[in-house]
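> Given next are the chains, with one letter for each unit.
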Amino acid sequence: MNPRTRKSLGRGGLNAVAVVVAVIMAFPVYWMVTTALKPKTDVFTRDLTLFPTTLTLSHFKRVVADESFLRFAGNSLMVTLVVVAVTMVVGFLAATAMARFDYVGRRLSMILILAIQMVPLEALLISMYVMLDGMGLLDRLMGVMVAYLALALPFTVWTLRGFISNIPAELEEAALIDGCSRVQSFRLILLPLIAPGLVAASVFAFILAWNEFILANVVLLSKQNATLPLWLASFQSSFKEIDWSGLMAASTLFALPVIVFFVAVQGRLHEGAAAGGVKG
Amino acid sequence: MEGITLMHIRRMMIAAAATSSLLLSACGGGAAADPELATPSADAEGALTVWLMDGSQPETVVEAVNAQFKEKYPNVDVTVELQQWAGVQDKLTTSMNSSSAPDVVEIGNSLTAKFADAGLLSDLSDVSDDLGADRWLPGLAPSGELDGERYGVPYYGGVRVVMYNKDHFKEAGVEVPTTLDELEQVAAKLAETKGDKASGYSPFYFPGKFWYGALPFIWAEGGDIAVKDGDEWKGSLDSTESRAGLTRLKNLVDTYSTAPTDGNEVTNWEVFQEDNVGMVMDSWWAPGAVVGANEAFADKVGVFPLPGVQADKTAPAFFGGSDLAVPEKSDSRGLAVEWVKILTSTDIQTQLAKEGGVIPNTEAAFTGHEGNDFLLAADEAAKVSAFTPVSPMWGNVEADSVLPDMLVKIFSGSSSVDDATAEANTKVAEILNG
Amino acid sequence: MSTQVMMPATTGSPAPPQARGTIPAPPRGGRGKGSRTLPYLLLLPAAVLLAVVLGYPIVRLVGLSLNRAKLRDLVKGTESWNNFANYTAILSDATFWAVLGRTIVFAAACVVATMVLGMMLALLLAKLGRVVRLILSISLLMAWSTPQVTATQVWQWLFDTRYGLVNWALVRAGLTGFDNHSWLAAPASLLTVAGAAVVWGALPFVALTLYAGRTQIDESLYEAAGMDGATPWQAFRSITVPMLAPIITMLAALSTIWDFRVFTQVYLLQQAGGITSETNLISIHAYRTSFSGNDFGSGAAISVVMVLVLAGFSIFYVRRMLKEVQS
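Chains as they are written, first to last, in the working numbering: chain V, 1 to 280; chain Y, 281 to 714; chain R, 715 to 1041.
Bear in mind the hints are in silico, worked out from the structure with no lab data behind them. Backbone N, C-alpha and C define an ideal beta-carbon position, used for all residues, glycine too. Mixed in with the good hints, there may be bad ones.
[Unchecked claim] With a straight-line Cα cutoff of 25 Å, these simulated SDA-like cross-link-like pairs (lysine to any residue) come out:
| no. | chain 1 | residue 1 | chain 2 | residue 2 |
| --- | --- | --- | --- | --- |
| 1 | Y | K508 | Y | G714 |
| 2 | V | K240 | Y | P669 |
| 3 | V | K223 | Y | A381 |
| 4 | Y | K634 | V | I242 |
| 5 | Y | K580 | V | I242 |
| 6 | Y | K609 | R | T792 |
| 7 | V | K240 | Y | Y492 |
[Said to hold, decoys possible] What the simulated footprint calls covered on chain R by chain Y, stretch by stretch (three residues with Cβ under 8 Å from a Cβ of chain Y suffice, anywhere in the stretch; the number is not a length):
| no. | stretch |
| --- | --- |
| 8 | 750-762 |
| 9 | 783-789 |
| 10 | 891-901 |
| 11 | 979-989 |
[Stated by the list, open to error] If you want the ones that stay clear, here's a sample from chain Y, every Cβ over 12 Å from chain V, calculated:
| no. | residue |
| --- | --- |
| 12 | E325 |
| 13 | A344 |
| 14 | N346 |
| 15 | D370 |
| 16 | T458 |
| 17 | E462 |
| 18 | R528 |
| 19 | G582 |
| 20 | G588 |
| 21 | E608 |
| 22 | T630 |
| 23 | Q631 |
| 24 | V670 |
| 25 | E678 |
The whole structure should be built from the sequences, with the hints applied where relevant.
Rendered as structure tokens:
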């Protein structure tokens, strides 16, 4: 067998493995979507079928018929985008300090950033509520935004620090010696290299802000300020029969923007990776 | 911060308006000891925020209440916010203890005691006669009471009933049982004609975690979860009576149920539609849901209250439901009481029974169920009912899943009835005496 | 092996002396002082935000844990110092120790599974062509973006005793013993299903992040190693692992924190089956104590203990991290 065939066989095998993994990972999602498309009577049945043939869009139509859906989606989008943008900037600055500078208190700041993430949000719920109340931020999108910023930030700093310290400082030094300004060296050298890290961190922040329920539930009191997770909760909380099909349809719609966001930033990621590349 | 100031000014204005109207009515000779709860005069101004649970009532009921309220208090703006059950405990705990406390809240009635004990709810004892205490269903009233004071006004309730398959009953030649012994005989007959457990047919379907369904068996024999003895709670799950009830249920489950011994009751009404079940206990709304989802069952579904040991008395049903309460930190408590008064009045309750399909807070409103056999059977079951121990700590017993754990151990056979009840009994007493 | 010779320069483990102090002060005058204050300026926005938003709640949490703070006390403002009673009560409670032990085993299993599978997925992603890689990435992302509550619900359905796809498929495959098999009845089985749901949800982030780190590594390193006759496994050990060390440390630390705090997956499965008292994890225990149990003092104390235990486990990561920093 010549090396070329072996290589293409290897590639074929990897592709097969990748497809199998993709199917396994996506299966629960597939099940969610098909449940949303099935007639209600087909959800709980002992005659299961992997590929349902009787499909209906009625559950999707029903869940978006609620006129407040668009309003909630708008609120969620605004909160999420602000949180992502601000966390990335603020987080990047702090991560650069931790990865690139030696300063008094550096270790302490790093330990604190890690330690903050150990505190469960549920345990802070009441005091956060009292604090936001005191700041006049109850029932305002600003209130949850500020909170999500603080929740996403430690993670972002922690992740970006990992990525920045992965890049040899010599690269930037070389650029500086070559006569690049600090800004140029940042834009041309550092940014493309940490782009993958920024993508990972921003998707994380996006999902955090997009999905958060516990705090939104207590802070956003009136319907006009509600975000999508509160809307989602309305499908799973009833003392009467639970609207499973509605919940699955709503969850499907709910997950879509994350995928759109990812695909959008993923394109950037490849541009970035192509522009840079660590030459050891 | 502009937001703060504006909000505060608005609140102060409302408070001032409320106080002045209170003064007026106090001069008119209001009887209430807590002056803030007295009936405000018709020219009272301000805003009222009401939190009801989503799904508790149809919109028409809220509209009807608001229309009546507007007639009485034309200068008060009412905002009704529908809350979701998911996360509502967190939301109530935080908001009722803040400056943004709503003026009226709906609370699941096993939690009223907890919030009352914490000092979050107004003591409504002085106005309870005015609210119609004498006409409330005796099964619903106790949940809103703590240490002899009234905090929660019964809003509506719901019970578990037995759904049965009329066709199967006809095939087996059996009638609706009137005692628990008869129920066992009916199950045996069904097994004979329709098939036993091994064949996949379930004469009596009962999943292991279904403690709302198990309690009536305990109560029917005269047992209970715990009883208050002075200041002390004494567990009584290990009493002869409680054990007799659980043993009877275990025999039924062992012989006649194909349900998972560690499962919950959420899909009971779905299982019923498999046409493989003779009898199954479920919530009062379930028979209607079965027919709604599957028209083929319109003539097949029958409902009866779980019978008792003797034919003259059905087994006491667990009477869950909701209470209405006025947070202590509300700034319009007088108006809040007025709003609650309208929602719990007999004519609105009749409308709620008819359009919302729940069990109203007074027998006089059962007329709203006329023509609906399922709901009439539920009303029948509700007439003989019981409740979980009214203690601020009860929520812990539920959160720790003491009862479902006990039942699962009994039905799966990992513990004997005696051992499982003894263990649960200790836990219940420990938690309630906190 | 010659690849090893290359490592110091690229990973930054014992780094050459001139790399110390990282970016040297530019040759222009007057900037030296700026460099000393610059890191603090960079940290300032983050520090202010965290201090303002999380400072008070965290201080308050510690305060609550040291006081008698039942719901009633919070309402009436009657919290009072109780001589560490919350802590002594927790630490002398056998249930707490059982829950803690169970949580540690559960979290450890989840972290190991997540990291190993995540690394395998990342390497797979790196080897794939554009199209298949996008397919796999999107499938990972679909798993990541599904709301946790919904995802857990679907997992519960898949493993449902009566209506579950897993039992259905096993019975079809001839394993009739799985007809009506309860996957939640045995505590270990319930926690395994929960753990699978946790790992499934965490894998996308870990895999995509490791893959992102992998794209930072210059391919010429692997080419050089290949030319030196290194096997893929040797190349993985001598290039990939050391190059990704900071990211691996970071992900392992995060996974440890997250998996130690797992709540939703177990909580929802407990509603569907099994025995609750034998499957509780520490976050559920803390939540039940404070919110359902009205005892915010004890709930806060459990949270503090939880953070301390986590901190104990994280010492390993912190030391690694500080070592990386030192170089």
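> Now tell me, hint by hint, if it's right for this structure.
Each hint tested on the structure:
Proximity of K508(Y) to G714(Y) is assessed by CA-CA distance (about 14 Å); at most 25 Å being required, the pair is judged to hold. About 24 Å separates the Cα atoms of K240(V) and P669(Y), which keeps this hinted pair within 25 Å; it holds. Proximity of K223(V) to A381(Y) is assessed by CA-CA distance (about 16 Å); at most 25 Å being required, the pair is judged to hold. Annotation: proposed proximity of K634(Y) to I242(V) holds, straight-line Cα distance about 21 Å (limit 25 Å).
At most 25 Å may separate the alpha-carbon atoms for a hinted pair to count; K580(Y) and I242(V) meet this at roughly 23 Å. Annotation: proposed proximity of K609(Y) to T792(R) holds, straight-line Cα distance about 17 Å (limit 25 Å). Distance check on the hinted pair: K240(V) and Y492(Y) sit about 15 Å apart at the alpha-carbon level, within 25 Å; holds. A stretch counts as covered by a chain when three or more of its residues have a beta carbon under 8 Å from one of that chain; for the stretch 750-762 of chain R and chain Y the count is 0, and the coverage is violated.
Look at the stretch 783-789 of chain R against chain Y: 5 of its residues bring a Cβ nearer than 8 Å to a Cβ of that chain, three or more, so the hint holds. Residues of the stretch 891-901 of chain R with a Cβ under 8 Å from some Cβ of chain Y number 4, which satisfies the need for three, so the listed coverage holds. A stretch counts as covered by a chain when three or more of its residues have a beta carbon under 8 Å from one of that chain; for the stretch 979-989 of chain R and chain Y the count is 6, and the coverage holds. Taking the minimum C-beta to C-beta distance to chain V, about 21 Å, the non-interface status of E325(Y) holds against the 12 Å cut.
The beta carbon of A344(Y) sits about 21 Å from the closest Cβ of chain V, which is more than 12 Å, so the claim that it is off the interface holds. Distance check on N346(Y): its Cβ is at least 16 Å (rounded) from any Cβ of chain V, clearing the 12 Å threshold; non-interface status holds. Not every CB of chain V is more than 12 Å from the CB of D370(Y) (nearest about 5 Å), against its label as outside the interface. At roughly 29 Å from the closest C-beta of chain V, the C-beta of T458(Y) stays outside 12 Å, upholding its exclusion from the interface.
With a cut of 12 Å on Cβ distances, E462(Y) stays outside the contact zone with chain V, its closest approach being about 30 Å. Distance to chain V confirms R528(Y) as a non-interface residue, since its nearest Cβ pair spans about 28 Å, more than 12 Å. Once the 12 Å rule is applied to beta carbons, G582(Y) is consistent with being away from chain V; the minimum gap is 19 Å. At roughly 26 Å, the least C-beta separation between G588(Y) and chain V is larger than 12 Å, which holds for a residue marked as non-interface.
Non-interface status of E608(Y) relative to chain V is upheld: no Cβ of that chain comes within 12 Å, the nearest being about 17 Å off. The non-interface label for T630(Y) is consistent with chain V: the shortest C-beta to C-beta separation is roughly 20 Å, beyond 12 Å. Distance check on Q631(Y): its Cβ is at least 18 Å (rounded) from any Cβ of chain V, clearing the 12 Å threshold; non-interface status holds. Non-interface status of V670(Y) relative to chain V is upheld: no Cβ of that chain comes within 12 Å, the nearest being about 20 Å off.
Annotated as non-interface, E678(Y) keeps its C-beta farther than 12 Å from every C-beta of chain V; the closest such distance is 14 Å.
Going down the numbered hints, you'll see the structure goes against 8 and 15, while the others check out.
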